[in-house]
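Novice: Sequence:
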Amino acid sequence: MMKRIAVLLATALALLPQAASAADAGFSRWLESKVWPAAEASGVSRATFEAAVVGLEPDLGLPDLKPTGGSNAFQAEFRSPAAYLADSKLDGLAAGARKRFAANRAVLDRVARATGVPQGIVLAIWGKESAFGAARIEKDAVRTLATQAYMGSRRAEFFPELLAALRILEEEHISRVAMKSSWAGALGQPQFMPSKFLTDAVDGNGDGRRDIWRSTPDVLASIGHYLKSRGWKPGVPWGVEVRLPASVACSLEGPDQGQPLAAWVRAGVTRADGGPLAMDDVGPVGHLLMPAGRMGPAFLVSDNFYVLKAYNESDVYALTIGMVGDRLSGSQKIRGSWGKVGGFSRSDVRTVQTRLEGMGHDVGTADGLVGFRTRVAIGRWQAKNGLPVTCYPDKAVISALK
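Heads up: the sequence shown runs through residues -22 to -1, 1 to 380, numbered per mature numbering (1 follows the signal peptide of the UniProt record, and there is no 0).
You may find that some hints are simply not true.
[As the list claims (entries may be wrong)] Derived DMTMM-like pairs: lysine to aspartate or glutamate, alpha-carbon spacing no greater than 25 Å straight-line:
hint, residue 1, residue 2
1, K211, E291
2, K287, D340
3, K158, E10
4, K117, E35
5, K44, E291
6, K287, E135
7, K206, D259
8, K174, D189
9, K106, D118
10, K318, D69
11, K106, D181
12, K67, D259
13, K117, E135
14, K318, D251
15, K44, E10
16, K373, D345
17, K12, E135
18, K117, D2
19, K12, E148
[Unchecked claim] Have a look at the derived ranges for each label pair, beta carbon to beta carbon:
hint, residue 1, residue 2, range
20, S153, Q235, 47 to 53 Å
21, A109, R88, 20 to 26 Å
22, L365, A73, 40 to 46 Å
Source of the hints: derived by calculation from the structure; they are not laboratory data. Glycine included, every Cβ here is placed at the ideal spot set by N, Cα and C.
I would like the entire structure built from these sequences, with the hints used as guidance.
Specialist: Next up, the structure:
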């Protein structure tokens, strides 16, 4: 038996170079037959294209590649929002923001005047995306984007980003060697996808270049410009933590169910500290946000919160940015407690989402993530079936909907 295993293993190892060679040959054909015509049509020269892809091979270590390589994100264990919103993490990011505020105050003030985006928000994004420029961003951007566009599960999303990266090289914003990215192809300190660099990166120091890799003024100005172009409303806060009475349904959550501040006040909603809600807390219209349903804290957020989500779709990300921005001027804690959340995988969530979709509920996308539409759908399903309404998956919900 051991001898047979050894023979099979030796055979498999001998075939690996052939398989890799076949994959590389297919990759090269794809670059020439699919990418080059599209790149040429977008204004990329042959010289730029060849310099970018010469010797290029797919990076099989990237996540979520199909049909081979990478990891299956749907098998990942779901983590509670509390793991990302711990006071220690928020305080650490806020401390880094305060440390850099004085050194960059002139630029931050200029960005705030031009865009209406508070200095704390800009600093929080800078810190979250690249540790204020200290994070090591080492992936080859072209190789990463090409791999995802060729064999990633979201090929259609990455193909135009690869073309945008080639245009960045064509326009000589950065050299081929220096254009590094994250594993998802995001560029520079603000972590812009290439298409967002082309539309939203700006020159913050007046040198005629848009350098989001090395120029702090360009980085900060580009973040502010991005948010302004997505509809940031000057003078409107992102939101506030609240106490939500049991009589207010958690299924009222979401950007499409906003109500005038006065309506929330009449419903008995107060600030988390028990004080009355005011316009300075959330602006004229508030949207309910409950990242863990009834199993965690509740917030009322403004339209600006959803502008932050345009930067990163995660509710937890946008909350992090808002709360760190607030903490620039002092320490603030989340008062609500987090229940026992988690103990399931993204594949469990996707199964729940698929079942709810089959019943006619809108879950957004069956992606294994517990977004607001999934939380609302769970809450409505629970109410319809006479169950305790938590608006969040737990073992009972997952078991009932499998």
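Novice: Each hint needs a verdict: does it hold in this structure or not?
Specialist: To see whether the hints hold, each was checked on the structure:
no.: 1; hint: K211 - E291; in the structure: holds (19 Å)
no.: 2; hint: K287 - D340; in the structure: holds (19 Å)
no.: 3; hint: K158 - E10; in the structure: holds (23 Å)
no.: 4; hint: K117 - E35; in the structure: holds (13 Å)
no.: 5; hint: K44 - E291; in the structure: holds (23 Å)
no.: 6; hint: K287 - E135; in the structure: holds (18 Å)
no.: 7; hint: K206 - D259; in the structure: holds (20 Å)
no.: 8; hint: K174 - D189; in the structure: holds (13 Å)
no.: 9; hint: K106 - D118; in the structure: holds (21 Å)
no.: 10; hint: K318 - D69; in the structure: holds (23 Å)
no.: 11; hint: K106 - D181; in the structure: holds (21 Å)
no.: 12; hint: K67 - D259; in the structure: holds (23 Å)
no.: 13; hint: K117 - E135; in the structure: holds (19 Å)
no.: 14; hint: K318 - D251; in the structure: holds (23 Å)
no.: 15; hint: K44 - E10; in the structure: holds (21 Å)
no.: 16; hint: K373 - D345; in the structure: holds (19 Å)
no.: 17; hint: K12 - E135; in the structure: holds (15 Å)
no.: 18; hint: K117 - D2; in the structure: holds (19 Å)
no.: 19; hint: K12 - E148; in the structure: holds (18 Å)
no.: 20; hint: S153 - Q235: 47 to 53 Å; in the structure: holds (48 Å)
no.: 21; hint: A109 - R88: 20 to 26 Å; in the structure: holds (23 Å)
no.: 22; hint: L365 - A73: 40 to 46 Å; in the structure: holds (43 Å)
Going down the numbered hints, you'll see the structure goes against none, and every one checks out.
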